Amino acid sequence: MKRDDWKDNEYIDQLVEELNASGANVVVGTLDKLINWGRANSLWPLCFGTSCCAIEFMHLGAARHDMARFGFEVTRNSPRQADLLMVNGTITYRMAPVLMRLYEQMAEPKYVIATGSCNISGGPFIGSHCVVQGLDKLLPVDVWIPGCPPRPEAMYYGMMQLQRKIMTQKYFGGVNRQEKLKDFLAEHPEEAEGLK
Amino acid sequence: MNLQEKIASLCPSATFEEGEYLLVNVADKEWHSLAESLKKELGFDYLVSVTGVDWNESLGCMYYLTNTETNEKVSVKVATTDRENPMLHSVSDLWKVALIQEREVYDFFGIVFIGHPDMRRLFMRTDWVGYPLRKDYDANPELNPIRLDAEENEDDSFVVTEDENGKLTKTDYKIFSENDYVVNFGPQHPSTHGVMRLRSAVDGETITKVVPVCGYIHRGIEKLCEGKTYPQTLFFTDRMDYMSSCQNRHCLCLCIEKALGLEVPRRAQIIRVMFDELMRIGSHILAYGCMAMDMGATTAFVYGFREREQLMDIFEKTTGGRMSQHYHVIGGVAADVHPDFIKDVREFCAILPSKVKEYHTLVTGNVIFKNRTIGVGVIGKEDVISYGTSGPNGRASGWSCDVRKRAPYAIYNELNFDEVIYNEGDSFARYMVRMDEVMQSVKLLEQLCDMLEKEEGNEYIAPKVPKIIKLPAGHWFQEVEASRGAFGVYIESDGGKNPYRMHFNSPGLNHVAAVDKCCAGYKIADLITISASLDYVIPDIDR
Ligand code: SF4
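In order, the protein sequence lines correspond to chains A and B. Its first residue numbered 1, the first sequence is counted upward by one per residue in the numbering used here. Its first residue numbered 1, the second sequence is counted upward by one per residue in the numbering used here.
Rather than coming from a laboratory, the hints here were simulated on the basis of the structure. Values in this document were obtained by computation on a predicted structure and should not be read as measured data. Misleading hints may appear alongside valid ones.
[Stated by the list, open to error] The list that follows gives simulated cross-link-like pairs (lysine to any residue, SDA-like), each with its CA atoms no further than 25 angstroms apart:
1) A:137 with B:125
2) B:517 with B:421
3) B:317 with A:127
4) A:137 with B:147
5) B:470 with A:127
6) B:209 with B:383
7) B:317 with A:61
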C-alpha cells in the first residue's frame, strides 16, 4: 500500500480541521504533540480474544509479524492497565455483560478496535439468536477491521489508523478530561453523597 | 446371533430399522435397562454422541454407541410425545459423557433427564426464554434482548429422581454448598485459551470440584444451519474448531456425500487428507506453544509460531486463506493445488523433524515443565472412554481411539502410520502424544506427496455434483479424526434443500466434561497446566 493511500482517511482529516479551527496554544500544542507521540507509540492492548480472530492476533505477536515494532506488544490482561480494547472475535449475548464490564474498568482515554466481520455486523452469524449483531450496539468503536479473520497486515493497518487518530487528538483539555468532575457528579448523585 | 437378535432378546418391545448403523427404537421406560445391558452385556462402552432432535410430533434423542473392542456400532432413538413437559431417562450414570451432552439437549430442547444429577442450562444464559432448537421456538428479540446484567441464580440446579413406583420428585439444590470456597477463573483470562469459565471449589490449595461454565462463545451454529443450504452450512465448520477447520469440513462433506451417494475422485481425497494432516500439525504446534506459554515459557511460543507461519504460507498459496481455507467442498476440493504445493510440503516435512527436536530441547526436558506435568491430572483408560475424551487426550491414557484407524475414511486405510499411544494419562503424556503425532503426520505427508504426484492432472472434484443439493429424507452420522479427537456430524434431512437438523459432535465438549475428573485432588495452580494439556478450543465446545 502506498503511503498516500494510507493517509487517505476523511475522518482523521476532519479531526485535524476541528483542531485547527479551535486554534491551539503554542506551548500546549507542542506538549500535546509530544504526549500524543508517546501515547500513540505505546498503546497497550487488552487482549479480548474470544475466537478465530484471536489466533491471527497471536500471529501478530509472534516473530514474523512482531507487533513490538509498533509498541503494541505489551498486551495486558488487566483492563486497568490497558489503553486499547482489541475485540478479537464474536461477541455473544452471554459475553456482552463481561465485555461491557471490562470496558468500563478501563481508564480514560481508551480506544476500541473491532476486529473481524463478526464485530461489524454479526458476519457469518448474521441472524443468529445469540450473537451481538455489530459491536456498535454496545460500545463506541474507533476502528473497524474487516476480514474473517483479517490478515495480520490488515490488523496493522487498522491499528496504525488508530495511532494516527491519537496523534491528531487534542490531549490537554481534550481526551484527558473527557468528563468534568462537575458533570460526573451531576450524573452520579450517589458519588456526590459520598464526597460530602 | 447377530446384534439385532441380541438386542431383541434383551428388549422384546424394541423395533429396528436398517441403515448405515442398526437403529433401535425403544420406549423411554425401557431405555435405561436396555442401555445398561448394552453397556454391560454387549460391551458398548463408548457413547459417541447424544443428539437432540425435534421431530414435530415428538421430541427425543439419538444415541450413537460404539463397542471399543469390536468397533461395532449401534444407534438408539428414544422419544417422547409430551411437548409441555418432555422427560427422558438419563444414562449419565452409565456413560459419563452424557453428563454434559444431555445438558446440551436440555438447553436446546427443554427435555429434562430423569436421574441426571445437574440439570442446568449449558450454553444459554440462565434467564433465557425458550429452547432455541425447538421447531416452535419463538425468536422474537423482545423476549431475549441483549441483557447487560449479571446472570443471577447461576448456582441453581435441580435433579429429577424416580422411585420404584415411578413417582417423580424434583429437588432444587445449589451446585456449591455454603462452605465451599469458590475460585472463579475466566471467562476472560489469557490462560483459558478462549472464553472458558471454570469455577473451582478449593480446600486450601487443593481443588475439590471444578464446574465449567460454557456458552460464552455459543453462536447458535446448529440453529443457523437449519436455515441454510448444504453448501452454505460448510462455511460454519471452519469457524468452530478453527485449529481443525479442514478436518471439520471434511467430515461434513463426507456426510453429505454419503447421503448423496457421491463418489469423490481419488486425487481430491489425497489433497483433502494432505490438508487435514497439515492442519493437524499446525494445531499441535499451537498447542505446544500455548502450553509452554501458560507455564511462562514465552520463547517456546515464538518458536512454534515460526513453523506455523510457514504452514500458513503453504495454505495461502493454494487456498488464499490463512486460517479459514474453505477448501473442501461437496464432491472434492474447490480448486486445484498450487503448482508449488508438493515441493513446499516436501520442504516443510524435511525441516520439521529438526524443529521438533528443537521444541523438545527447549521445553520437554525442562525441570519445571516436568514437575508441573508428570503425574499431574491423571485420568485412567476407563474414565476417558466413559467421558468420551477421544483424540490425543484419550490416547495418552491408553485408549486406542483414532478414527483414522478405528473407522478409516477417505484413503487412510492405504496409508502407513502408527497410532501414538501412551499409558500414563497425565499432562505430560498428553503433551507427548501431540509431539509424536506431529512426526506421524510428517510420515503421512511424505507418502501422500508421492501418491499425489502419481495422480497429476486428474480430477480434483467430482464431475457430477448437482447444482442444487437436496438430500433424500433420512439421517446420517459421520466421524473423522480432528486435531482434538473424534468429530462427528449428524444430519437429518426431510428431503429439502436445507437440513432439518444438523448436529456437530465436538470433541472439545467431552474434554471439558472431563476437567473435573482430571483436576480433583490437584492444586489450583495445576488447573492451568491441566486445561492447557487438554487443549480444547472454545468455539468448538460452544458452537
Ligand atoms: S470474523 Fe470470522 S474469524 Fe473473526 S471471529 Fe468472526 S468468524 Fe471468526
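Verification of the supplied hints:
Of the supplied pair hints, the one linking residue 137 (chain A) and residue 125 (chain B) holds, its CA atoms being roughly 19 angstroms apart against a limit of 25 angstroms. The suggested pairing of residue 517 (chain B) with residue 421 (chain B) holds, with an alpha-carbon distance near 21 angstroms, which does not exceed 25 angstroms. Of the pairs offered as hints, the one joining residue 317 (chain B) and residue 127 (chain A) is violated, with about 33 angstroms between alpha carbons and a cut-off of 25 angstroms exceeded. The straight-line distance between the Cα atoms of residue 137 (chain A) and residue 147 (chain B) is roughly 12 angstroms, inside the 25 angstroms bound, and the hint therefore holds.
For the hint linking residue 470 (chain B) to residue 127 (chain A), the alpha-carbon distance of about 23 angstroms falls within 25 angstroms, and the restraint holds. For the hint linking residue 209 (chain B) to residue 383 (chain B), the alpha-carbon distance of about 17 angstroms falls within 25 angstroms, and the restraint holds. Between residue 317 (chain B) and residue 61 (chain A) the CA atoms are separated by roughly 22 angstroms; this keeps the pair inside 25 angstroms, and the hint holds.
Checked against the numbered hints above, the structure breaks only hint 3 and satisfies the rest.
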